[in-house]
Every structure is written in C-alpha cells, then in structure tokens.
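Enquirer: Sequence:
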Amino acid sequence: MASELSVLFRRLRTWAMLLALAAIPVLIAAAVKLSSHPVAPGRGPPFLDRITQNGLFVGVTAMIVSVPLFLPLTVGVVAGDTIAGEANLGTLRYLLVAPAGRMRLLLIKYAAAVVFCLAATLTVAAAGALAGVALFPVGPVTLLSGDTIDVGQSVVRSLLISAYIAVSLLGLSAIGLAISTFTDVPVGAMATTVVLSVVSQVADNLPQLDWLHPWLFSHYWLGFADLLRQPISWTSFGDNALLQAGYIVAAGAVAYGKFTSKDVLS
53 MASELSVLFR RLRTWAMLLA LAAIPVLIAA AVKLSSHPVA PGRGPPFLDR ITQNGLFVGV
113 TAMIVSVPLF LPLTVGVVAG DTIAGEANLG TLRYLLVAPA GRMRLLLIKY AAAVVFCLAA
173 TLTVAAAGAL AGVALFPVGP VTLLSGDTID VGQSVVRSLL ISAYIAVSLL GLSAIGLAIS
233 TFTDVPVGAM ATTVVLSVVS QVADNLPQLD WLHPWLFSHY WLGFADLLRQ PISWTSFGDN
293 ALLQAGYIVA AGAVAYGKFT SKDVLS
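For what it's worth, the working numbering labels the leading residue of the sequence shown as 53, then goes sequentially.
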C-alpha cells in the first residue's frame, strides 16, 4: 500500500491535478476581492455573496463549484488508470506475481484511489481557507439554521464537508476501477469514468427520471447542507454513504469478476 501511494503521489500528473484544484478557491477569492461591485445575494454559487464578510466561506463555495466537474474529473483520471495504466506500461503481470494475487492488487489500487479522493477534497478546502484568511476578514459563521459558531467549529464543519464529498466520490472511484479492468488503454477508462459522472448528473436533473434519482451515484453529491445546521443532522451523510457502499460492492464485484478471469499479457 505504501509503495502504491508513493507511486501515485510521485507522479507529476497527480500534483498537477491537485494544484489545479487548489487554484479554484484562489481564483474565486481573487475574483471576489478584485470585483468593484458586491456580489448580489442569490447570484453565482451558494455562499458566494458571503465571502466578503467572512473568508471562511471561500472553501465551502469552492467545494460546491468543484463537485460537478473538477473533482470527478481528477478522480476519474486516477481511478481509470488503476489497472489499465499498469497494463499499458507492461508492468501488470509483474505485479501479479505470487503471493500478491489479483484480489489484493484490486484492493490496493482502490485504496490508493480512496486516499486520492480525500487528498483532492482536502486540497480544495485547505486552499480555500488560506485564500479566505489572506484576502478577507474571518469571524464567527452563521449557519443555515441561523445559529452562529466560532472559527474553530467552522473549521470542523469544513472538514466534515470535505469528508462528505470524499465519501461521495467513492462510488465513482469503484466504477473507474471496474472500467479499468476491461481495457489496456488508460485514457479510454479515464474518459468513460468522467463521462459516466456527467451522465449521472444530467439524469439527476431530469424530472422525467424522478424514479431513478435515488439510485444515481451522484444524487447526494451536493447534499451536505445538513452539516451546516445546528444541531448536525447525519441523515444525508448516512444515505450518501449507503448509496456509495452499494456502488462499491457492485462495481467491485464486476472488477473482480473481470480481472480474475482476464488473460494478463502485459
């Protein structure tokens, strides 16, 4: 596991993606700071109009902006490369030398993808916090419920939101891993994973597919509003975790079935 994480985080591509994610809150904060007109309430992403009053909202706004495309894009790249990337490099058969085994390799690859999900969301949150503190005043935060919490508690809430979003991406990571076992072309696996994330979100916005919405892996991606209330309601967190667990099991079964029966020649 340590070796896999070392390989993942030594890649220039990984750090380029993390830097791109970190640039999102910086860009949001800079745009608001340099704007000559205050942001009107209800315009732009949620909480954008509150940034000038409290820089702690930069991170939350950036995470909301990143969830639909940027975070799934980076996660899709990492997950799609798990098996297909090794096959493309010609190193897959060497990784399967006993006593490693195919099941263990799948678990290690997925665990590395999970770590990246957490690293990606924390990168956005941390960059948002730093940009907010540097450019705007910081103070107590008023929650959606109307209650006010101090700075320390607001940091905890930001970390909880990061955890929520990381959990939200676990199902997509499992899907990417499964797709990666079907091909030796990593770009194809990456693109298919990202496209599926877009399709899921589009379907989730079509009222004609209301019956399907609760089953889509992206359905709860933006459902962390309960973490911004006092007291915290864990219902949406639990529903999201249960849905992602279902996708992990289903996609994991597909990945295992395909990978254990696959002739590895690369």
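FYI, nobody ran anything at the bench for these hints, they're computed from the structure. Ideal placement from N, C-alpha and C gives every residue a C-beta, glycine not left out. Treat the hints with care, as some may be off.
Stated by the list, open to error - So the derived label-pair ranges between C-beta atoms look like this:
(1) Ala82 x Gly298: 48 to 56 Å
(2) Pro189 x Thr312: 35 to 43 Å
(3) Arg281 x Gln105: 17 to 25 Å
(4) Leu159 x Ala277: 31 to 39 Å
Enquirer: Could you run down the list of hints and mark each one as holding or not?
Expert: Hints, verified against the model:
no.: 1; hint: Ala82 x Gly298: 48 to 56 Å; result: 40 Å, violated
no.: 2; hint: Pro189 x Thr312: 35 to 43 Å; result: 57 Å, violated
no.: 3; hint: Arg281 x Gln105: 17 to 25 Å; result: 19 Å, holds
no.: 4; hint: Leu159 x Ala277: 31 to 39 Å; result: 33 Å, holds
Of the numbered hints listed earlier, those contradicted by the structure are 1 and 2.
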